[in-house]
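FYI, in the UniProt record's numbering the residues of the sequence shown are 1 to 180.
The hints are simulated quantities; they were obtained by calculation from the structure and are not laboratory data.
Don't take every hint at face value.
Said to hold, decoys possible - Each computed EDC-like pair below joins lysine to aspartate or glutamate, with the alpha-carbon atoms no more than 20 Å apart: (1) K3 x E74; (2) K120 x D103; (3) K31 x D103; (4) K3 x D134; (5) K84 x D103; (6) K56 x E74; (7) K31 x E105; (8) K31 x E83; (9) K108 x D29; (10) K84 x E105; (11) K120 x E24; (12) K101 x D57; (13) K120 x E43; (14) K120 x E74; (15) K3 x D117.
It should be emphasised that the depicted structure is a prediction, and the values quoted were computed from it without experimental measurement.
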Amino acid sequence: MNKIMYLEFERCIGCRACQAACRECGDHDAKERNYVEYIDFTESRQTFPMMCMQCKDPACARVCPANAIQITEEGVVLSAMDEKCIGCRNCTFACPFGIPKFDFEENKMYKCDMCYDRSKYDIAPMCASVCPSDAIRFIDFEEMQSLRRRRTQMNLIEGKKPSEQDKWKYVPEFFGVYSD
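Using the sequences and the hints given, assemble the complete structure.
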């Protein structure tokens, strides 16, 4: 996998095409594994796409007593394996982003896996392939670096100070996430 996910939250227009596309991904059992959230519903209609951040050291995998959550060579954190998941929901409580969801009917956890059946061949995950506003993109590392530099320059020009939140330190380099 030579491409990476790149998110620009402020570009999200709330159309939820990413959620509809996620349901159509090959092995997702017609369940969406990404979400569109409101930044602050009481203040604004601004939305942002939320999917698994594919953490470097994923809390969901660390707390799984059955070792049901596997990590690929490329660093993609997969959904819990059906035959191993015991339904304890530790993963749903441990994730700092609130991504893993538990299906009580199936008694298993599911989450975004970057459409691994596609992304391992450098084909864009379903959400990135349909996003009309480019809030979600599947791009080369060099393109991400260019976008990062441009954003940093614009933030300096506009007088914005970079801010850090603890949970973002878990996001690996191959996943670019930016929001003002």
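Here is how each hint holds up against the structure:
1. K3 x E74: Roughly 10 Å between the alpha carbons, so the hint for K3 and E74 holds.
2. K120 x D103: Distance ~26 Å between K120 and D103 Cα, so the pair is violated.
3. K31 x D103: holds, 10 Å
4. K3 x D134: holds, 15 Å
5. K84 x D103: Answer holds: K84 to D103 is near 15 Å, not above 20 Å.
6. K56 x E74: holds, 11 Å
7. K31 x E105: Judged against 20 Å, a Cα distance of about 13 Å means the pair holds.
8. K31 x E83: holds, 19 Å
9. K108 x D29: Satisfied, since the Cα-Cα distance of roughly 12 Å is no more than 20 Å.
10. K84 x E105: holds, 16 Å
11. K120 x E24: holds, 17 Å
12. K101 x D57: holds, 19 Å
13. K120 x E43: Violated: K120 and E43 sit about 39 Å apart, past 20 Å.
14. K120 x E74: holds, 8 Å
15. K3 x D117: Holds - the C-alpha atoms of D117 and K3 are around 14 Å apart, at most 20 Å.
Of the numbered hints given earlier, the model fails hints 2 and 13; all others are met.
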